[in-house]
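Starting from the structure of chain A, add chain B where the hints point.
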Amino acid sequence: MNLSKILKNGFLIVVASLVLSACATNTKQSGQTQGDVYTGADTVEYLASGVKDRVFFATNETVLTTASRETLRKQAEWLRKNSKINVVLEGHADERGTREYNLALGERRANSAKDYLMTYGISSNRISVISYGKERPVDSGSTPLSWSKNRRSVTVKAN
Amino acid sequence: MLFRYLLLLILLLPIKAFALIEVDITRGNLSPLPIAISPLSIDEESKKNFKKILKKNNIGSEISIVVENNLKQSGLFNPLNKDAFLQKPDIANLKPRFEDWNLIKAQALVTGKVTFVDEKLRVEFRLWDVLAGKEMMALAFTTVPSNWRRVGHIITDKVYERLTGEKGYFDTRIIYVAEEGPKVRRIKKLAIMDQDGFNNKFLTLGNELVLTPRFSPTNQMVTYLSYFKNLPRVYLLDIETGMQEVVGDFPGMTFAPRFSPDGKKIIMSFAQDGNSDIYTMDLENRIVERITNHPSIDTSPSFSPDGKYICFNSDRSGYQQIYVMDSNGKNVKRISFGNGLYGTPVWSPRGDLIAFTKLHRGKFYIGVMRTDGTGERLLTENFYQEAPSWSPNGRVLIFYRETKTNSKGEGFSAKLWSIDLTGYNEKLVETKTDASDPSWSSLLSN
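In order, the protein sequence lines correspond to chains A and B.
Just so you know, we're using the numbering used here here: the first sequence kicks off at 1 and counts up by one.
Just so you know, we're using the numbering used here here: the second sequence kicks off at 1001 and counts up by one.
Just chain A, with the same shape it has in the complex (with noise of 0.2 Å):
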């Protein structure tokens, strides 16, 4: 169920490259983002030497990228061997969406931020999941790339 979900979640990441990379022109600011996706460094922490704590979204999306699905392989291996180590995963909307709608949204990218650890043999009752919504941005900016710095989910240490 779960694997056939990050299955689908995959294809969907294909179609969806293929869609952005068409008008990239546009939408690429500065080699920051791609699509509207955030790349940049700004923000991201360190769960441990080379394993980034945060992956991002696209507006209005719980698809993760290919390079948010190696940063929770990565996170998967360091938890694998910090076997008592448990996390919650804090998904987080950008502010340009109602209130209630992006609480759902932010745990629904928390959860597909789980899904995906949980197929790297991350046990479910290691991870918790937390929506904050659009309640705690990072970045204070009223811009896109501040907005794609805000569209996350992020992995914090529980203990």
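These are calculated hints, taken from the structure and not from any lab test.
Just so it is clear, CB atoms sit at the ideal spot from N, CA and C, and this is done for glycine as well.
Watch out, some of these pointers could steer you wrong.
Unchecked claim - With the Cβ distance kept under 8 Å, some of the chain B side facing chain A (calculated, not the full set):
(1) Val1184
(2) Leu1209
(3) Asn1230
(4) Gly1274
(5) Ile1297
(6) Thr1299
(7) Gln1320
(8) Gly1343
(9) Ala1387
(10) Lys1404
(11) Thr1405
(12) Phe1412
Just chain B, lined up with the frame of chain A:
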């Protein structure tokens, strides 16, 4: 402008002997009715007694200022400058000299009297039709002195109802989220105030994030989302006692709560494994019912005033749209088909309209549509605004608006605004702090 009202008068005189002046509230009112609010007269002894209790020099004129501000804020009335009044308040209340009031172009006149009786505040007031030279209404009531602002609101409601033919919305309160601090570390508290911004009170301390408070139909209870102990759950708060409790025992986030129109149930979303569906919980027997069962996001539910239908927000079509279903979850129908995304549907207390937030080409709109989705009208456009809440008479919407920050990410603010259903009379609702998520109470007295 004057001519229009004169014309109306002549036409109405033979048909309706008492409703002489009328205010049409169904269209944008660009020529508000000139009305004189004479300060309520007060004898010296009463004045002294009220001054002792309320620290106000003249409670009579204070109450008339409340009435004046309310009527002005409604956009339907133009309260005239008191400096131009020729008649003294006490004499005017006995028998106005209509030619004097006519001279300053007042078409309606409010007069009255306040007295201190048995430690209580007794008020009587009259509404006069200046052109016809007739009394339209006379009322008296008694209350505790500390209620003096409410006295002003009740007078406004009566005047509004007599002149427009519809119930007022002035003796009401707004519950909202008071906001402070930088955008990335916002402190949020529940707050409550009178409809005109006075008597503001905080209901939580700001230790945890709180969102989306909504009144019960009896105004005694509020349901809202709290992140207490970092577990986002729907709570119930009794405003009088301060008692709080979690609604239901859900293993994940519950959010987007509202009361059913009879106040017996809470309807809300419950999110689990990346999917949000709509549930109700009966507050008496605690029975939880699942209303929607769909892999999409279903949220922002709102009952129709007769309790038979629910409008809600879902992205089952791929994007956020508005849907209507029976209260048991059957017969789901999409009703929003315009360009853009739609959210926060809320059913009008009159039952005929649904107000919503719309996002289209990077702009946010507050709008209304009929309950079958036809007749969409956008009332206001801005960088960011959402979450309309209806005045109890269904004539005015209150919502919140956020500003764009500058290149350094500074200059963020969130404020409450109100707008008439006609799209006219957009007004800032003043709050001491920044504010969001307003919810309008029903009339406190009837």
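Against the structure, the hints come out as follows:
1. Val1184: holds (5 Å)
2. Leu1209: holds (6 Å)
3. Asn1230: holds (7 Å)
4. Gly1274: holds (3 Å)
5. Ile1297: holds (4 Å)
6. Thr1299: holds (5 Å)
7. Gln1320: holds (6 Å)
8. Gly1343: holds (4 Å)
9. Ala1387: holds (7 Å)
10. Lys1404: holds (4 Å)
11. Thr1405: holds (5 Å)
12. Phe1412: holds (6 Å)
Of the numbered hints stated above, none is contradicted by the structure.
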